Amino acid sequence: MEIDIRELETYQKLAHDGAQSAAQSLSQLTGIDTRVQVTDVSLMSPSSLSYEFIGDEFAGVNIDLSGEIAGEIVLAFDEHGRTAITETLVPADDPEKQKSSIEEVGNIMTSGFVDGWANYLEAKIKSSPPTYIQGTGDDILPNSASEGDTHLFVFRSRVEASKDAVTDPIDFRILLVPDSDSLERALEPDTGNIVSLEKLEVFNEMTREGAEKSAMNISSMTGIDTTVNVSRLSLIPIEDIPKEVGNKRYVGTVMEFRGKISGYLVILFDQPSGRAVVDALVPMETDEQWGETEQGALRELGNIMTSGFVDGWANVLNAEIKHSPPEFVADTGASILRPITGKIAETEDHAFMLDSNVQTNSDQVFTCQMLALPRRDELEAALDDLLLENAENTRVDPDDLF
Amino acid sequence: MDVLITDDSGFMRDLLREILEEEHNVVGEAENGVEAVELYQEKDPDIVFMDIVMPIKDGIEATGEITDMDPSATVVMCTSVEQAEQMKESIKAGAEGYITKPFQKESVLEEINSIAAE
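Chains V and Z are the protein sequences, given in the same order.
Under numbering that gives the first Met the number 0, the first residue of the first sequence is numbered 0, with each subsequent residue one higher.
Under numbering that gives the first Met the number 0, the first residue of the second sequence is numbered 0, with each subsequent residue one higher.
Calculated directly from the structure, the hints in this document are not laboratory data.
Since the model is a prediction, treat every value here as computed from it, not as a measurement.
Glycine included, each C-beta is placed from N, C-alpha and C at the ideal position.
There's no promise every hint is true.
Coverage of chain Z stretches by chain V, computed from C-beta distances (three or more under 8 Å per stretch; other residues unrestricted) [stated by the list, open to error]:
1) 16-30
2) 62-68
3) 72-83
4) 94-104
For reference, chain Z alone in the conformation it holds in the complex (with noise of 0.2 Å):
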């Protein structure tokens, strides 16, 4: 699947990248929410990895912005947020997975992997 890696942390995105690079392409990386758009656009990803907590525009927004754009966008949450109320802001948005941070390698794999068989 090709994958778009959205998270203001360099540091992150090189985690994410190590772990979906084994079964997967990822097609970009986006540090905000207004790249994440933007990439979007440009790249046509099956499934976009996306930060909640980033500068200029937060990911549950850029989730709302890409799923107006193209309703069968998948997105899948990646965030250290464990909040209901922040969870379903994400759902009304779009958003089709939650992945909390610190994560395991194979909970990673297990949520593209049961979106991709969907």
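So here's chain V without its partners, still in its complex pose (with noise of 0.2 Å):
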């Protein structure tokens, strides 16, 4: 199937001011103050798509769509959330009335964001009633999600919302995602900016591939047993990028990669995991908390993942793709995009986001985020010179060559 990128792009901005009504609607029936931080179209697994419902225990509505955008809507609210909107509308302590309170307004919400698109396309989109889901990670996926897709499409807003300046914010989720009919038709090849969605999941593949590459080059160094939970990539609006990332202070590093593919590479841990790597790497102590050994043994792991992340896209796409040295950063996680996304404006307002997340299956806290950022324009070239056989060629053993 060909898609047509200036479409989606439209289609994602309907997906956004379908999160702002859908939040506006939260805030009329609570007085819940509502923002909404990200919209993205994502493809994505299933698994990765259960893995932003692990951690918190989530409940909402899931809604049948059919009509011209035929498939299914989720809209899920965390624990604050839930709690803040029975507290509001059923001041008694009645489980039955609190669940229904969620359906309701999960349904309101949910035609608020639908209502959007179907009046763009001058088409009707027809919602089935609410069924109330709760849980974490698969309980609250779509139905669509499980019948073995190895791809999704999905359409994802976060809004952050917040009782009262002192409560703690809220986040909820909106998931769209179209069956493959109802994306073939809104996505038409209109525009001539078409991509082939076979050859975004090979490349969305091959990079789930590279960051489990990474990932294992993160074990081997240092001995902390790391797997990839999430790969998705994304077409984001470049100004959403920083927020996606969040205020959350992180140590990393960040890379310019150029080639047949640019663009930049960053590399994030969490504090405790950027500490944990590096008292693995350098068994001794220091008296900076970041000072130049740290940073010196950041940057080489960070330019050993970055080899691991894009070396398999080079490979396939029988190209070169160099990265520069690695620059060490300490910042919030939106301070550290701020600069890259600022070049990227200058240029275009969407980019593709390929967003990898490491973390581990034991108890030790651990998560690393890879975000890379290609030159869209190089992106959408390099996709269509792929050559879907040439898919399984990311990996070259250098005794082959030598």
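Two chains, each in its own frame: build the complex with the hints.
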């Protein structure tokens, strides 16, 4: 299937407007202040999507859509959100009524999300009655996500909200997973900016392999057993990228890569994880938290992880992708990303972002996020040149050449 | 054997030195391609371990300059880069071996010993 990237941008904007409309509905119903943080269009595996709902208990609604856009929509609140809604709308301690209030709020918000799409398409999109969902991980996923798809095309919105300035922020997510017929119809090539969906899927898979290789390199160098939990390719407005990373503090490296595809790769460890890898790499006491020794060790790890990440692209594309020596960074995620997105925004308003999360399965808390921001025109040209039959050739053994 | 280590990472130079000094003599450490070429002329090592991604001058360019100066020079790339095109460029520049990071101590010693045996 071929998709029109300009059309995809339009639908991303519709999803963003839909999320805003849904957020406004929530504000009107409950008095909760809302802010749409990020809306993107992502290509991801069901397991990557499932991982977004790990770590908290979510509750919300699942609604089937039919008509011009058919598929499923899921709206899920984290525990703070659920409590804020039920406390406002259902004063008594009545679990059934609380559940019903979530269903109704979800239903109203979802209508706000979908109606903009129907109006844009000048067509009817019918919604089924809401089904209440509650749980973590797979419990929250759309049913279509468990039907053996290797990749899902998902419109994702993350909304933050707060009830009174002092309460904890609320997080709720809206996912729209259109079925393949709707997707094909909506993204029918029209403007000439065409990308093969199959090639996007292959590229996404290559990136997951790259992230797995990087995770292996972390394990091999530090002894910390790591795995890739999330790997996705998203089309996202450039201004939203710093918000996507958020204001948590990170340490890591930034690299620029050039060649068949050029762009930036950012590797971010949360502070304790950064400390854990440095302690494993440089097993000696140092006076400074991030002195030259620590920075050097992280730079070298970043260098090796970057190669793991981008070499597969180069090998499949029969091309060279060179990267600069890594630059050490220590700041909030948004502050690290802003100078990079500033440069990209000089020529683009949307970017493809390849986002992989590396974590441990053990008790040790460890997170590392790898974000690649390739130049969009070069990625589109590279996808055009990509030979699907070459997609397996991500790895090269030096012994075959030397 | 006299070995010259070239890597922009001090951490990696220390690691390589520790491995190599068990059996060989490390005659110098360079932080970039320019220093590698200068130190090669000065120290005349038997073998050069050469990183690829470095500031100022990368390892492939430095390898080309060293083998132009001394066609009998022995250079082993020691890098995280695993791209076929850059491996081919390294061969074209005159490299005789290629070790990928992260490496095991044994693979470094095996590589140097197999080159010594040739």
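Structure-based check of all given hints:
no., hint, verdict
1, 16-30, "violated (count 0)"
2, 62-68, "violated (count 0)"
3, 72-83, "holds (count 6)"
4, 94-104, "holds (count 8)"
Hint check: violations occur at hints 1, 2; the rest are consistent with the structure.
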